[in-house]
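Visitor: For the protein sequence lines, the chains are A and B, in the order given. Mapping the first sequence onto UniProt numbering, position 61 (from 1) lands on 61, and the numbers just tick up by one. Mapping the second sequence onto UniProt numbering, position 389 (from 1) lands on 389, and the numbers just tick up by one.
There are no misleading hints in this set.
Calculated Cβ distances over 10 Å to all of chain A for the following chain B residues: (1) Leu7; (2) Ile11; (3) Leu207; (4) Glu307; (5) Arg344.
Derived pair list, reagent style DSS-like, types lysine-lysine, alpha-carbon separation capped at 27 Å: (6) Lys324(A) - Lys121(B); (7) Lys324(A) - Lys111(A); (8) Lys43(B) - Lys216(B); (9) Lys432(B) - Lys217(B); (10) Lys121(B) - Lys43(B); (11) Lys432(B) - Lys111(A).
Coverage of chain B stretches by chain A, computed from C-beta distances (three or more under 8 Å per stretch; other residues unrestricted): (12) 65 to 77; (13) 416 to 423.
None of these hints come from the bench; they were simulated from the model. None of the values given here were measured: they were computed from a predicted structure. Here a beta-carbon is modelled for each residue, glycine too, at the ideal position from N, C-alpha and C.
As a plain string of letters, each chain reads:
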Amino acid sequence: MIDFTMIWAAIIAFGVIMYVLMDGFDLGVGILYPFAPDEESRDVMMNSVAPFWDGNETWLVLGGAGLLGAFPLVYSVLLPALYLGVFVLLAGLIFRGVAFEFRFKASRERKGYWSAAFCIGSGVAALAQGIVVGSYIQGYQTENMVYTGGAFDWLTPFTLVTGVGLLVGYALLGSTWLIMKTEGAVQDWAYRMAPRLLAGLLGVFLIISFWTPLVDEFVRDRWFSNLFVIWLLPAGAMGCAYLVMRAVRRRDEGVPFVATMGLFIFTYLGLLASKWPYVVPPDYTLYDAASAPESQAFLLVGVLFVIPVVLAYTAWTYWVFRGKVRVGDGYH
Amino acid sequence: MEFDPVLISRIQFAFIISFHAIFPVFTIGLASYVALLESLHFKTGNPAWAQLSRFWTKVFAVAFGMGVVSGIVMSFQFGTNWSNFSQATANFLGPILSYEVVTAFFLEAAFLGVLLFGRDKVPRGTHLFAACMVALGTFISAFWILSANSWMHTPAGFEVRDGMFHVTSWMEAIFNPSLPYRFTHMVVASFLTGSFVVAGVSAWYLLKGHMVEANKKALSMCLWMILFLAPAQAVIGDFHGLNTMEYQPTKLAAMEGNWETQAGAPLLLFALPSKDAQGNLFEVGIPNLASIVLTHHADGVVPGINEASPAEQPPASIVFWTFRAMVGIGFLMIGVGLWGLVLRLRRQLYEPGIFHRLMPLMIAAPFIAVVAGWFTTESGRAPWLVYGMVSFSEGITPSLTGWMALTSLIGYMAVYAVIYSAGGYYLWRVVKGGMEDSVPDNDEAGAHPKRPLSGGGPIGNATPAAPLKGDWT
Chain A
1 MIDFTMIWAA
11 IIAFGVIMYV
21 LMDGFDLGVG
31 ILYPFAPDEE
41 SRDVMMNSVA
51 PFWDGNETWL
61 VLGGAGLLGA
71 FPLVYSVLLP
81 ALYLGVFVLL
91 AGLIFRGVAF
101 EFRFKASRER
111 KGYWSAAFCI
121 GSGVAALAQG
131 IVVGSYIQGY
141 QTENMVYTGG
151 AFDWLTPFTL
161 VTGVGLLVGY
171 ALLGSTWLIM
181 KTEGAVQDWA
191 YRMAPRLLAG
201 LLGVFLIISF
211 WTPLVDEFVR
221 DRWFSNLFVI
231 WLLPAGAMGC
241 AYLVMRAVRR
251 RDEGVPFVAT
261 MGLFIFTYLG
271 LLASKWPYVV
281 PPDYTLYDAA
291 SAPESQAFLL
301 VGVLFVIPVV
311 LAYTAWTYWV
321 FRGKVRVGDG
331 YH
Chain B
1 MEFDPVLISR
11 IQFAFIISFH
21 AIFPVFTIGL
31 ASYVALLESL
41 HFKTGNPAWA
51 QLSRFWTKVF
61 AVAFGMGVVS
71 GIVMSFQFGT
81 NWSNFSQATA
91 NFLGPILSYE
101 VVTAFFLEAA
111 FLGVLLFGRD
121 KVPRGTHLFA
131 ACMVALGTFI
141 SAFWILSANS
151 WMHTPAGFEV
161 RDGMFHVTSW
171 MEAIFNPSLP
181 YRFTHMVVAS
191 FLTGSFVVAG
201 VSAWYLLKGH
211 MVEANKKALS
221 MCLWMILFLA
231 PAQAVIGDFH
241 GLNTMEYQPT
251 KLAAMEGNWE
261 TQAGAPLLLF
271 ALPSKDAQGN
281 LFEVGIPNLA
291 SIVLTHHADG
301 VVPGINEASP
311 AEQPPASIVF
321 WTFRAMVGIG
331 FLMIGVGLWG
341 LVLRLRRQLY
351 EPGIFHRLMP
361 LMIAAPFIAV
371 VAGWFTTESG
381 RAPWLVYGMV
391 SFSEGITPSL
401 TGWMALTSLI
411 GYMAVYAVIY
421 SAGGYYLWRV
431 VKGGMEDSVP
441 DNDEAGAHPK
451 RPLSGGGPIG
461 NATPAAPLKG
471 DWT
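Model the full structure from these sequences, guided by the hints.
Guide: Right under this line is the structure:
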């Protein structure tokens with residue numbers, strides 16, 4: 001008997017980290033907008049992500065649909081629990097999404113509004129996603145598989161800190177992406193931004209690491225039980241942070257981005273290890289939340305065939321737009 | 001004051017989907033048109049096709065962008081406002097929507113990047129391939145979402161255990177009874193929408209004498225499409241109606257404004273349906289015609305709305321009137337197709353005249369028809385989310401309060417007001433800016449000169465707009 005639920009847990013976990021890494025850097029580019037040296041740099045920054053953002057964001061839609069397909073309970077508890085936060089997240093994504101088209105079509109006087117929409121939209125979306133992470137650590141009040149908490153349970157000092165953490169993290173991904181994809185003034189500026197963002201991110205990490213065991217008994221027991229092997233995850237994250245720092249100092253172009261992705265992956269695995277096997281903490285595990293086996297099986301057949309194809313042509317588009325984005329590069 | 005979360009959530013969903021629906025319906029048609037233009041250019045090398053392709057790709061990009069952002073909102077609405085419904089139907093809808101994402105959305109998004117930004121970076125054949133993949137993606141997407149929607153109208157292939165739907169036959173569930181009609185009706189609607197937009201803009205350009213060669217071609221193509229598709233749509237709609245009579249008789253009764261099941265029902269041209277009176281306050285109709293249309297017998301039996309108890313009746317006047325709006329516009333479209341044929345036979349198709357002035361106004365028609373048709377079919381389902389199985393009040397999110405729903409409704413309205421007025425304005429600027437005159441066109445990929453101003457600057461100041469005639473503002 002194949003354990004579909006476990007396979008689906010792996011697929012959803014993969015989808016989520018794909019989203020975080022891929023939309024992370026283009027959201028990060030938006031977050032960095034106000035600090036860019038000049039308007040021309042902003043054009044370059046936007047052009048560096050314009051061919052990819054739509055595909056990146058599709059991983060979020062897959063996360064939503066995939067949860068409904070494989071773990072409907074997560075979908076039907078988290079979305080009501082985060083109701084107003086979801087609205088804020090979507091509003092942010094809407095504004096930054098249309099900014100790609102509108103900013104280049106606006107007159108010179110109005111361009112600034114769409115730069116602001118791109119930046120604020122990206123920032124709000126990142127903050128909202130970080131708050132989701134924090135609320136997940138906090139857990140959700142449920143009864144009979146239905147959310148029974150209030151409208152603002154997700155908004156606490158702790159979730160605000162995790163929100164800021166993801167905001168800074170995405171900005172770091174954005175800055176290292178720009179190191180890789182640009183040159184000249186924009187790249188120099190990105191080189192200056194990256195270490196500051198890294199320092200900020202490590203600061204937030206430190207706060208969260210001390211705070212989380214205080215917020216949640218389960219997490220504390222998990223980390224201070226005899227499962228010492230999980231301490232390799234934060235160690236890996238610290239190693240990646242060191243790599244980013246060293247690569248930026250050496251002015252490597254590709255390593256900072258890759259190492260930042262590593263930092264995210266280790267942190268993400270650490271988060272999963274903290275709560276495993278709960279998907280709707282504190283009451284429901286993966287198995288409680290799973291959809292019918294025949295539904296999981298039906299979807300699995302397609303996904304196993306299609307996802308490799310998706311990854312292949314996605315990789316191909318990144319290859320088509322490889323190399324540096326230059327000032328004055330044509331828009332479509 | 002107490003707000004009803006069910007009512008506000010319904011308004012919110014109707015609001016969001018009405019805005020969302022008009023974009024895919026346009027972009028499905030337009031994506032195929034762009035792919036066709038790319039193929040014609042690839043095959044003939046005629047620069048007129050490249051001019052058209054470049055221009056309509058720009059329009060496509062703006063419309064697609066707005067469709068994408070409103071689509072993301074849609075995909076989260078099920079969970080935020082209708083979580084009990086989501087939970088109950090997840091075993092079917094979850095896999096279907098996931099299939100839509102993995103087979104369609106990724107395809108569209110990845111190849112859209114190449115279509116929009118890759119013209120100078122990939123070989124022309126590859127660029128054509130990207131255009132075809134985007135078009136294919138729009139069809140695959142339409143198939144899955146209409147399968148999901150049709151299943152909610154005509155559920156099949158499932159059994160209910162412990163309040164959850166469990167799929168017993170994927171074939172029966174996916175290819176449920178109303179899918180073939182709904183899918184065909186929607187695809188043809190998309191082609192008609194695309195045709196009317198392109199025809200309207202082309203006619204307007206011809207009036208202005210802008211890019212005459214290319215726009216003649218575009219107008220001619222679209223009028224052929226309208227000539228054949230508008231009548232075909234009427235036939236498909238008729239078949240869809242018969243399907244509705246079989247599976248959703250109450251909805252059909254509301255469309256006809258027919259309260260009592262009766263033989264020899266009249267076709268009502270005008271009526272004021274009233275739920276309180278359980279009948280029409282006033283009606284004008286043609287005797288027996290509804291029976292003839294629906295059953296092909298003068299005394300065929302047509303179902304009545306009051307077969308359902310008042311609590312399970314759809315809002316009869318909304319269904320009745322939106323249906324008439326859709327059908328009326330359909331006949332108008334057939335008329336436009338025939339008028340175009342007459343002008344063509346008289347060799348007057350390209351002579352600026354009243355027809356060319358009318359066509360730009362007709363751009364609104366398919367959009368109104370789509371939204372009206374959408375209201376007919378969705379209001380006609382009330383009070384059911386899954387027809388006869390899950391009602392609105394059973395599907396609502398339990399923790400949702402009226403003020404939360406209202407807050408997000410007002411929020412979405414404010415966001416959409418800004419986004420869609422800006423989008424409409426930029427679409428207008430793209431059209432006003434006109435098509436690019438000299439298209440740099442080399443066969444070798446990468447050999448194209450960079451065009452620093454084509455998008456980097458405002459449309460009005462960009463070089464391509466300059467060659468237009470003086471009266472553009």
